[in-house]
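Asks: Chain by chain, the residues:
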Amino acid sequence: MKYTLPRMISLGCTLVSSSYIPFLHAENFVVEEVIVTAQRREQSLEEVPVAVSAFSAATLQRAGISDASDLVGLTPGFNGSMVSSSQPILSMRGVGSNDFTIGNDPALGVYVDEVYVGRSAAAVVNLFDAERVELLKGPQGTLFGRNTTAGAISITRAQPEPYRSGSVEVRTGNDGYQEARFIYNDSLSDSTYARVAMLHQHRDGYVEEQISNRDMVDTDLQAIKAAFKFEGEQVDYTVTIDWSENDQDAAVYRSLLSVDGQVLDTRKAVSDIFNEQRNQREIGMVSGKGRFTFSDGYELTSISAWRKYQLDYLEDTDATSLRLLHFGVDEESESFSQEFRLNSTGENLDWFVGVSVSYEDIQATGSVDYSEEVLCSQLLGSSCASALGFAGDDVSEFNNAEGEYWNYAIFGDVKLALNSETNLTIGLRYSYDDKEFVAHNPVPANALVGPALNSMGALPTANLFLIETAGKISSRDTWSQVQPRIVLDHSLGGDTMLYASASVGYKSGGFNVLVPTEGSFEPEEMLSYELGVKGSLMDRRLVYDAAFFHYRYDDLQVQIIDVVSITRNAAEATGYGFESSVRFKATERLSVASTLAWLEAEYDRFVVSDTEDFTDNQLARSPELTASLSFDYELPVGEEHFLNLSLTTVYTDDQYMLSSNRPESFQEAYTTTDLEVTLSANSESYFVSLFVNNASDEEYITQTQLISDFGLALVQDSPPRYYGVRAGYRF
Amino acid sequence: MNLSEYARYDAIGLADLIRSGQMSAEELFQVAFNAVNLVNPQLNAAVELYESSAALYQPNLEGRLYGIPFGIKDFGAAFAGQLQEANSIFLQGYTCEEETYLAQSYREAGLQTVVRTTIPEFGYNTCTDGGVCGVTHNPWDLSRNSGGSSGGSAALVAAGALPVAHANDGGGSIRIPAAYCGLVGLKPTRMRNSIGPSNSDVLFGMGGEHVVSRTVRDSAVLLDCTCGPRTGDFVEIPPPSGSFLDAVSSKPNKLKVGIIDHPWTHSWGLSNSMEDALHRTAQQLQDLGHTVETTNIKVDRDQFDSAVAASWCSTVATTVLASSMKTGRTPSIDNIDPAMFACYEYGLGLSAVDILVMQYFFNSLCRQVGEMFETYDVLLTPTTVDVAPRNGVLNSVQAGFDAISWTKHIFGPAPYTATFNITGHPAVSLPLQSDHTGLPLGMHFVGRFGGEVTLFNLAGQLERAYPWIDRKPFVHVSSSS
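Protein chains in written order, with this note's numbering: chain H, 1 to 731; chain S, 1 to 481.
Each hint should be verified, as a subset may be incorrect.
[Claimed, not checked] With the Cβ distance kept under 7 Å, some of the chain S side facing chain H (calculated, not the full set):
hint	residue
1	80
2	84
3	392
4	439
[Claimed, not checked] Derived coverage of chain S by chain H (criterion: at least 3 residues anywhere in the stretch with Cβ under 8 Å from a Cβ of chain H; other residues may be distant):
hint	stretch
5	41-48
6	134-141
7	351-363
Just so you know, these hints were derived from the structure itself, not from any lab.
Quick caveat, the model's predicted, so the values are computed rather than measured.
For every residue, glycine included, the Cβ atom is placed at its ideal position computed from N, Cα and C.
Only chain H is shown next, with the shape it has when bound in the complex (with noise of 0.2 Å):
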């Protein structure tokens, strides 16, 4: 006898999803069907034309997933590293982007809730209290909007329900590990229901710096969210609110050059400001999400954000034990968003319109911190009294900087049935970005050497880092983009959907924050295609999707690096690839999931200078290979227990970290492995776990910086083996 699980939508109950497996039952002798949002409209994964990877509530608690970059490797084409809370390098099938100024916004869109939360500083990638995470992969600009060239992370949270559930769950490990979760959710009335989550995370660094020994890249993370829903007849409303803080470390480098002829180890660092480099954040939102529903299928929602975040970061950008660069910036932004989007569900016919329009206001002071007399000891090889005639001093240059941005969309998508198994969908968004932009870089008033150096003629400006601006440049630009996409898919009979796709998604245009005379950059835009399969065999005990992709990226905004960021329209790249995952119900005991993804992905043309050609290199973060494998065993003990054997594998193919394709920015392929052995009640009212992330404690670098001028050739390592205990109780 076949059996099958009903749909389940939104219950935070067991779902299953793309590469990690939850305790199943061993009744449950299929694979779980997974509701999406991907296409703003809820269906079945394995029916949305789209590739995205998908992981369910369950499936993040039971692996542990606490942040987004942990999905990397379990997701095929998702690749990157959390370098800082506030600085998440991520990138889909090679597409990302590491600027995280001001001026510039990701290509990888991420949307809490449908809200989008996109500055690097404010996403909130932590899956706190998630009910679903859906990555898509390829330009989502009909679907989702600007700035999703890459692709969107959509998480979607728990929701208020009308009943009383909660749960706790503490965790504890090596490196200083804690973390509590507490959820509660109760009804407070026959129409309103109301859920509190609380998180407090933290774990102490696991860089060992070398002229305190003390311990640097912590994580401590603390956040709320509250959410009160009101649901009628025909309206359901959601207010949530959500604060978080983090105050930890900021990046911290490891230098690859030798320092008395001794170079580093791995997971050290130096840094002068071991106790003044820091990185706090606090961000606040209030989101109110509303569905009316009308007769006849239509249904209209409604998404209204209001986001404030503040950043205060300095990080040692030397990573030495000198006062030669240090970054730091001050950051404060308000954000307002409103949605309005119309749904129809017809028989042969569904649609939806929308309009759109949110409005940011952000202020950064950024600095850049040296001594005077470092530079010239670095630099001329003498004190500056012997070099220039005088002493040096202590200088930061400063950047400030203030944006007012608003974006305009209308948006429209219509799937019409062709005939019982092929369906046509064609979308649009029209976007209108107007962005206006103040910035100021004085001559700090004691510099000396900047100055000095540039009477005399031998540097351009006065300032070394920051070019000095002659007072406020503003600057106002607005772009307007049109993104369609087209999708044709066909059933092939029983569960085996074929699909092809294309479409165009863009990335803004901004400013040039640090080097404000630089001016402005266009949007970049992509053109993708992509033809897959999604579906089931053997009864739905096994469950398989693939894509074909190519993209062509033009105009693409590259970061040219040497000391200060500037952005131009410089490049062009085109990348292809291959990704399947296949999740399959072995046994009735044993889960067997896995994903592959295969990607060549180069520029085409990226003339950096004269001397610099960066054309034929791979794209940074891509690998060509990357694969997973999973394991899940479960078995019962005694009559009310069962015990959960897991092992996961990820394989990531070499990469280079930098578009240069520099040597020092190369990483071998690697081999991570996590395990878990999980006891659970058979009624999942309570579990614990001894958990191993890393078991072979694999060392890999996350990023490199190499700024030439200074010499500085500078690496982020990877963490190290975690392990630990977690325990859950949930009623």
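Go by the hints and put chain S onto chain H.
Replies: Chain S in isolation, oriented as in the chain H frame:
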């Protein structure tokens, strides 16, 4: 002259500029001084910079290579009055009283010495790491080593700061850094260059001195300037049939090349990249009309390690003892790195019988390799098993090594070269290949005893057919200026 322009010339090219009056020697010295200063913070390749060309000696104005900037390795050939400290606290402040014959040849050729270059302590390492100076970084990848023991010379020449620099080789110390840094590195036939007057056959004949360079012709012209016996040399070998420089531009006869891929001594194992590179080189040789055949060398690996350790460690022990008598210092773990101190103690403990056993082994290897040259004109092997190792891997500061395990450790990545120090054959590493990230992979060609002319014929032909001169490391005077 700006640095990009400077780095485009090899030594012969720069000599032409001076001879034609386009540049003065003083100007060229200053350019080279600035170039070394520019890249050294990243490379850590310089022990001492000389403020002027007359700081050590007055270069011969009539010299064939008058005015060419040069680097002198901190070991081996030395000028009178020059500090030579072998990267050891134990030898800090040690001054050479007497000019060696090779240094005399450099002076008479007119070279201007700009810098004293780094080595690993006492030169017994295939990476430049440890000792006083520590790591010398590879300009192709700063996270990797420049090789040893002529690491400082190789790093500066590869980075374009110098056209040529002094190097010596008692187990691979010219060829290994040349391979890692993408340069030409020839170890000449034993006794081709005199190592007198204070030495006759250093390391029981394993040692030889020459240079690392970017072009084959520079290696050839320098050998023309320095080769030849001196009065009282232990052995005089027959002079070459003609000038080595002329040999570079002469097409070789069709050569029979014996190729050996897998190492015959203890090693880290041949990497896939290097194996592919070797096969590509074999194909290139065939395309040029030479025949290529596989062959092999067989040795008892443990006996090999013992013999090399005996040669080196007895020499280190003697050097330390002699220096101790001059300086009055007592050698200890406080002034010599642990691995080197273990070698010193091992050397002290060797008996005359141990040395004779070593020589019997050397003899058997010489016979075997000598017979191979009755069949082959040239042997081809990889210079090393892979690209340059990461920094910190071969560091003599590490404790826990004895002389034998240290010998195994340092020759693990470079098992091919020391055999031909023992046999005395000339051998050259050429930067013919690179791996997929662009890091150099050196190809190692061994000629008949006394057969440098054939090696230069072949090297010149390969350089013309498969040029490497436009490949530059990222740390280079032209991109750093």
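Asks: Answer holds if the nearest beta-carbon of chain H is closer than 7 Å to that of residue 439(S); otherwise answer violated.
Replies: holds (6 Å)
Asks: Going by Cβ atoms only, is residue 80(S) closer than 7 Å to chain H?
Replies: violated (28 Å)
Asks: Under 8 Å between beta-carbons, do enough residues of the stretch 351-363 of chain S, three at least, approach chain H for the coverage claim to hold?
Replies: violated (count 0)
Asks: Just to make sure I understand the rule, a stretch counts as covered if three or more of its residues have a C-beta closer than 8 Å to a C-beta of the chain. Does the stretch 41-48 of chain S meet that for chain H?
Replies: Held - the stretch 41-48 of chain S has 3 residues with a Cβ nearer than 8 Å to chain H, which meets the minimum of three.
Asks: Given residue 84(S) as an interface hint, is the shortest Cβ-Cβ distance to chain H below 7 Å?
Replies: violated (18 Å)
Asks: Using a Cβ cutoff of 8 Å, are there at least 3 residues of the stretch 134-141 of chain S near chain H, or does the coverage claim fail?
Replies: holds (count 5)
Asks: Going by Cβ atoms only, is residue 392(S) closer than 7 Å to chain H?
Replies: holds (5 Å)
Against the hints set out earlier in the document, violations occur for numbers 1, 2 and 7.
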